[in-house]
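Chains as they are written, first to last, in the UniProt record's numbering: chain A, 1 to 339; chain B, 1 to 408.
Since the hints were made in silico from the structure, they are not lab data. From a predicted model like this one, the values you see are computed outputs, not experimental measurements. A virtual CB, placed ideally from N, CA and C, is assigned to each residue, including glycine. Incorrect hints may appear among the rest.
[Claimed, not checked] With a cut-off of at most 30 Å between alpha-carbon atoms, the simulated DSS-like pairs for lysine-lysine come out as follows:
{"id": "1", "chain 1": "B", "residue 1": "K81", "chain 2": "A", "residue 2": "K300"}
{"id": "2", "chain 1": "B", "residue 1": "K172", "chain 2": "B", "residue 2": "K228"}
{"id": "3", "chain 1": "B", "residue 1": "K147", "chain 2": "A", "residue 2": "K165"}
{"id": "4", "chain 1": "A", "residue 1": "K300", "chain 2": "B", "residue 2": "K306"}
{"id": "5", "chain 1": "B", "residue 1": "K29", "chain 2": "B", "residue 2": "K41"}
{"id": "6", "chain 1": "A", "residue 1": "K300", "chain 2": "B", "residue 2": "K41"}
{"id": "7", "chain 1": "B", "residue 1": "K394", "chain 2": "B", "residue 2": "K249"}
{"id": "8", "chain 1": "B", "residue 1": "K129", "chain 2": "A", "residue 2": "K165"}
[Said to hold, decoys possible] Derived DEER-like restraints, expressed as beta-carbon distance ranges:
{"id": "9", "chain 1": "B", "residue 1": "K30", "chain 2": "A", "residue 2": "P169", "range": "34 to 44 Å"}
{"id": "10", "chain 1": "B", "residue 1": "I254", "chain 2": "A", "residue 2": "Q144", "range": "21 to 31 Å"}
{"id": "11", "chain 1": "B", "residue 1": "D377", "chain 2": "A", "residue 2": "I39", "range": "46 to 56 Å"}
{"id": "12", "chain 1": "A", "residue 1": "F290", "chain 2": "B", "residue 2": "T347", "range": "27 to 37 Å"}
{"id": "13", "chain 1": "B", "residue 1": "Q148", "chain 2": "A", "residue 2": "P173", "range": "47 to 57 Å"}
{"id": "14", "chain 1": "B", "residue 1": "D37", "chain 2": "A", "residue 2": "P169", "range": "40 to 50 Å"}
{"id": "15", "chain 1": "A", "residue 1": "S299", "chain 2": "B", "residue 2": "K30", "range": "29 to 39 Å"}
{"id": "16", "chain 1": "A", "residue 1": "S299", "chain 2": "B", "residue 2": "P51", "range": "18 to 28 Å"}
{"id": "17", "chain 1": "B", "residue 1": "M171", "chain 2": "A", "residue 2": "I107", "range": "44 to 54 Å"}
{"id": "18", "chain 1": "B", "residue 1": "G369", "chain 2": "A", "residue 2": "I107", "range": "33 to 43 Å"}
{"id": "19", "chain 1": "B", "residue 1": "T347", "chain 2": "A", "residue 2": "L103", "range": "40 to 50 Å"}
{"id": "20", "chain 1": "A", "residue 1": "Q144", "chain 2": "B", "residue 2": "S104", "range": "32 to 42 Å"}
{"id": "21", "chain 1": "B", "residue 1": "D295", "chain 2": "A", "residue 2": "A110", "range": "57 to 67 Å"}
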Amino acid sequence: MSAAEEVVAEGHEAVEAVPKRAMTLGTGTSLLVLAALLIVPVFVKNFIIFQMTMLLIYGLAVLALNILTGGSGQFSLGQSAFYAVGAYTSAVLMEHANINYALTIPISAAVCFAFGYLFGKPALRLSGVYLALATFALATAMPQLLKLNFLEHWTGGVQGLVVTKPDAPFGLPMSQDMWLYYFTLVVTVAIYIFSVNLLRSRSGRAFMAIRDNEIAASSMGVNVALYKTLAFGVSAGITGVAGSLGAIAVQFVAPDSYTITLAISLFLGMVVGGVGWLPGSFVGAAFIIFVPNMAESISKGLSGAVFGVLLFLVIYLVPHGARQAAILGQQLAGKLRKN
Amino acid sequence: MTAVRFQVATLWVAFALCTAMSSEVLAQKKYDSGASDTEIKIGNIMPYSGPASAYAAIGKAEEAYFNKINAEGGINGRKIKFISYDDAYSPPKTVEQARKLVESDGVLLIFGSLGTSTNSAIRKYMNEKKVPQLFVASGASKWNEPKQYPWTMGWQPSYQSEARIYAKYIMKERPQAKIGVLYQNDDFGKDYLKGLKDGLGAKASMIVLEEAYNTSEPAVDEHVVKLKASGADVFISITTPKFTAQGIKKAAEINWHPVQIISNVSTSVGGVIEPAGFEISQGILSASYTKDGSDPQWDADDGMKKFYNFLAQYDPKANKLDAGVAFGYAAAQTMVKVLQMCGNDLTRENVMKQAASLKDFAPDTLLPGIKINTAPDNFAPIEQLQMMRFKGRKWELFGDIISSELGQ
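When you get a sec, could you build the whole thing from the sequences and use the hints?
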């Protein structure tokens, strides 16, 4: 076990095993979760389906951050900027160029990949908190940039853009919400499988080598600069896809939607879900979507404070987030089986 | 043209009256989701947290007002259930909360949701679902588009309305004026500027210079200098509080003394005038439509007495100096009025019909003489304001109530 992995997975023997198990769920559990995700929408209201869609979308965005931070060890508080670029790319292409929504998603991914890759170039010189600060600046600047005069013709300025929700194709008998949910689910599963395989591949090992020890990695022949920017690009690309799907699901884009609060929420989601544990991304997304609602039902005026207290509890009781909870659950199950 | 429109309006009123009477005669009870013999569910979305949480006072006042109505027996025997959610002023969250209200809580309508971009985000959804989005708390003029969005209605005077009133004032008092405009480069500033030009009509050439500033600029000083150089003798400052104060200060510094008009959003004495300086702010003009809770001239006013009593009994923690409280009270009063007019026909269609047939309704906390009027082709409830002038340490109202309608 390397020095830096210890930092990430401090004091957890279960994580010691193979990194694969540390990053994903077992095949059986994965299939069970997938089956649940496939079946549940048939039985619930459209509103719940919409919330589940948002869960997958934010889950994707957290997953992207997880690849960056958990994979290559770089921090970013600027994910909201990539999310905004993805959302606006889709919205502008759909509303001004009449391009099919499904086609706008790979375009967003490409645009955001390029944006992230280019941003990663200068950011290479920074590390740790300085990188976090640089990305923070990007997140703060983004809403302002979207309001720029010469872009207003396309972006709609402060007023934003209304996006048309797609109907189910081929006359399938399902609501717009349900169709969008399954569409999102397919994209999410594809990206999830891609991410898991990416982290298991040569590139993934290079990411983790950089995370664990940059000097050691470069002396082993890893092109540190290339892989760091690549991690940024991939992360931005996936966030862009999430942004596109988000714009279609919410049917509206405006600068106010993509403020620094979003970036912080995503960061929070990653920490709650467990840094470096991909399935945790979706647990983290559930936290940032549902916990504010719970906090609100406890106290309207103090919803922020209640949210803070809940967050404190999570950090103190399970500092490694959902990953730790999952491991504890597994150990418990193992003990029960032995008895 | 006006005559034709008037006739059409009369027909509509006649039609509305007929249907209202016939439904009373039949006295049949009709309900949509959210209404029953005992209850009316009203949804609301407010920024209780996040950057705009100062506006939460509006939601709290509204809730307190509905509690008062319930304590007094409700509306035609039905209690109001006010479900208010937090969106933290983030449009995606507004969509989620609106869908929760409509699809999960099954409200009859959404009332008084706050913010321009937040309401823009749900407007299409509400109109597709045919659920009333009533009395939107935002000054944008886009809530008055009954043809395209028949389920969305504003409440407060739009920025355009306010600007038209200044245009009327200038044309009347200073027909030879040269107007210099400083405006914020966003929807607020642009809406306003459009209203000003519409109000001036053929005389829009009175504007000698339009200067835009961005909120990212630290100060508006150089714009004020340019405006002075243009030779303008009327300075209209379409600015948010910080910039308004800077504008007033800079004009005095460079010894420029035009007639100054500032927008209603920046008339806070403590937040704008005091920092700029009382001395140099004498004679500044603006307009208002609500009674100011801090102004002793209303202490003897019947409406404000009711308002203060309400606060003492149902919302003792509210700050009566906060303009949001008087705003929420008046908006909730309008909502209750519409529901009373609906009688036993509590369908969403009838709610919109009644909301579009308010006649001369005057909530307690609006200035005397300001009345709410709507029609099927007019979804802008408040269109009147009164001019005011800063004197001593407070605003003094003067002149008549001015309507912002064009060509009157």
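Verification of the hints:
1. K81(B) with K300(A): 16 Å, holds
2. K172(B) with K228(B): 23 Å, holds
3. K147(B) with K165(A): 21 Å, holds
4. K300(A) with K306(B): This hinted pair holds, its Cα atoms lying about 27 Å apart.
5. K29(B) with K41(B): 16 Å, holds
6. K300(A) with K41(B): 18 Å, holds
7. K394(B) with K249(B): Holds. K394(B) to K249(B) sits at ~18 Å (cutoff 30 Å).
8. K129(B) with K165(A): 13 Å, holds
9. K30(B) with P169(A): 34 to 44 Å: 38 Å, holds
10. I254(B) with Q144(A): 21 to 31 Å: With Cβ atoms ~29 Å apart, the hint holds.
11. D377(B) with I39(A): 46 to 56 Å: 49 Å, holds
12. F290(A) with T347(B): 27 to 37 Å: 33 Å, holds
13. Q148(B) with P173(A): 47 to 57 Å: 30 Å, violated
14. D37(B) with P169(A): 40 to 50 Å: Holds: the Cβ-Cβ distance is about 44 Å, inside 40 to 50 Å.
15. S299(A) with K30(B): 29 to 39 Å: For K30(B) against S299(A), whose Cβ atoms are near 37 Å apart, the range 29 to 39 Å holds.
16. S299(A) with P51(B): 18 to 28 Å: At 20 Å between Cβs, range holds.
17. M171(B) with I107(A): 44 to 54 Å: 51 Å Cβ-Cβ, so the 44 to 54 Å window holds.
18. G369(B) with I107(A): 33 to 43 Å: 56 Å, violated
19. T347(B) with L103(A): 40 to 50 Å: 42 Å, holds
20. Q144(A) with S104(B): 32 to 42 Å: At roughly 35 Å between Cβ atoms, S104(B) and Q144(A) fall inside 32 to 42 Å, so the hint holds.
21. D295(B) with A110(A): 57 to 67 Å: 59 Å, holds
When the structure is compared with the earlier hints, violations turn up for hints 13 and 18 and for no others.
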